[in-house]
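Kindly produce the complete structure, drawing on both the sequences and the hints.
Number of protein chains: 2
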Amino acid sequence: MNIVFSRDSQVRGMDNTVANTEKYFGQFCSLLAAYTRKTARLRNKADQLVKQLIDFANSENPELRATMRGFAEDLAKVQDYRQAQVERLETKVVNPLKLYGAQIKQTRAEIKKFKRVQNREIKQLEKLEKLRQKSPWDRQMISQAETRVQRAAMDSSRTTLQLEETVDAFQRQKLKDLQTFFSNFVTIEMVFHAKALEVYSSAFQTLEKYDLERDLQDFRAKMQGVYGHYNTQPLANTNPSPSVLQSLASQGTLQVQLYRANEDPEHPHANHGRFSLHDVEGQSAHCVCGQGGYLMLPGHSL
Amino acid sequence: MNIVFSRDSQVRGMDNTVANTEKYFGQFCSLLAAYTRKTARLRNKADQLVKQLIDFANSENPELRATMRGFAEDLAKVQDYRQAQVERLETKVVNPLKLYGAQIKQTRAEIKKFKRVQNREIKQLEKLEKLRQKSPWDRQMISQAETRVQRAAMDSSRTTLQLEETVDAFQRQKLKDLQTFFSNFVTIEMVFHAKALEVYSSAFQTLEKYDLERDLQDFRAKMQGVYGHYNTQPLANTNPSPSVLQSLASQGTLQVQLYRANEDPEHPHANHGRFSLHDVEGQSAHCVCGQGGYLMLPGHSL
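Just so you know, the sequences run in chain order A and B.
Position one of the first sequence corresponds to residue 1 (the UniProt record's numbering), numbered consecutively onward.
Position one of the second sequence corresponds to residue 1 (the UniProt record's numbering), numbered consecutively onward.
These are calculated hints, taken from the structure and not from any lab test.
Since the list gives no way to pick one copy over another, a pair counts as held whenever it fits inside one copy or between any two copies.
In silico DSS-like pairs for lysine-lysine, Cα to Cα no more than 27 Å straight-line:
| # | residue 1 | residue 2 |
| --- | --- | --- |
| 1 | Lys113 | Lys176 |
| 2 | Lys98 | Lys51 |
| 3 | Lys222 | Lys23 |
| 4 | Lys92 | Lys45 |
| 5 | Lys115 | Lys222 |
| 6 | Lys105 | Lys51 |
| 7 | Lys77 | Lys45 |
| 8 | Lys195 | Lys209 |
| 9 | Lys23 | Lys51 |
| 10 | Lys51 | Lys176 |
| 11 | Lys209 | Lys98 |
| 12 | Lys113 | Lys123 |
| 13 | Lys195 | Lys77 |
| 14 | Lys209 | Lys222 |
| 15 | Lys98 | Lys38 |
| 16 | Lys23 | Lys115 |
| 17 | Lys112 | Lys98 |
| 18 | Lys134 | Lys123 |
None of the values given here were measured: they were computed from a predicted structure.
Right under this line is the structure:
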């Protein structure tokens, strides 16, 4: 009888083992999946930063442009390694953990099967017990019942052995996989951190090498260049068109080269001048018009 | 006159420089803030994993418990370094970038101020121009207007110099800060990756050292221990109470030690037996009852 009870307690132990595994492996799976997703989001943000760094670089002087591009490229490299990290975490950690559910279900089924067999044995024992109590004199009936009990007991002990093997194999697999999953996790993380460290080291040097003074000289030259080549004339001699002055005051978007044409105080509107119009970006905008007595011709640097 | 135009274009150049800085530094600020937030979220997920690993460890055998705890501690260490990374990114990269807005506003104000002065100069020029056209003979008026123009021009050139200095300082500061911010970013990342690599290396060894076979032996011992010490008796001799069998079949949660009391086939209900009840967790549950003719007494290992 006690064998029955002991088997029952054994099944309880096995049930607990499997239930515990199901609970924690499920949590590990969802947490590591979330960890991987968050890593992917971090990669996305860094990719956006890379894009902005390149846009910015293209809007700057050569020295800073080169530095920012170099830095952006390194930052992009780190994100490539992060992408590899994400893919590896999915294939080597998260997916295997997902597949674990099936293995657990199988073991659970084995345990259920054993329980059925065990219950049969218990029922036979109950019948035998009743018989003994109701008609203890009926030796034949009792011996038949005992035979059924023994048969059920044999089934039960056979399935017990099977179950023991199943759960032992399950536990071995579980421990082995646990070690594998987390070793994979650590290896994947290590590879990423090592690569990131390597790339950032070069990024750091790129930023260190940046020559601020040289860049500042470029900037000053550019600022000077914007207005550096005009042959100034005494203000008293100038007589720009009010319309031009107006457009300047209002838009303030034009570089204008003005040359006095023949001046006739009697016919102020007979003035003729040449304009070369450039917007600051340096693209030329040319037009020819007679209105206001000004002839606009294709501009060129003077 | 062309000086006026050139100054105008100079201001345009300065405006663009400041606007460009405002645009990109703003983007860098928000992207790096987002990057920092995502890093913090990654830390949170890993912290949850640490918690689950410790819970799991406490539910396992000594060998696996020690390994999982060691691994969880290392994973927690990495998150501490990640926390430091988050704080450093905020204080050394994101916050300084936030403060940049003020600096930009100040420079913008300087440029506006210059524009006002420049417009005054242009207005004086316009007046002079009109005068020349309407009453070119009125030399006195013209000379007065020319004086006003020259005064306005002097103001304008003075503020131009101020503006040049302001924008030059702004550009220098911008380039310097840009280098500082991203150098800080790279340094902070490098420190984190180096530390993470160090900690994960030890975590990897912890997992490698794990002795699966020893753990499996513990597991088997535990499984055996659950039912390992019962002196089996021939089934024919057993007569458990149907109620006990029932409770077993239904709950299946008890280890029961059954000893036959004096058996009297004539009075089957006069049977007396002793039960010691243990749930599988090994906690004892004792009770005394006469019902069903069974006396339950405090149980002890036999």
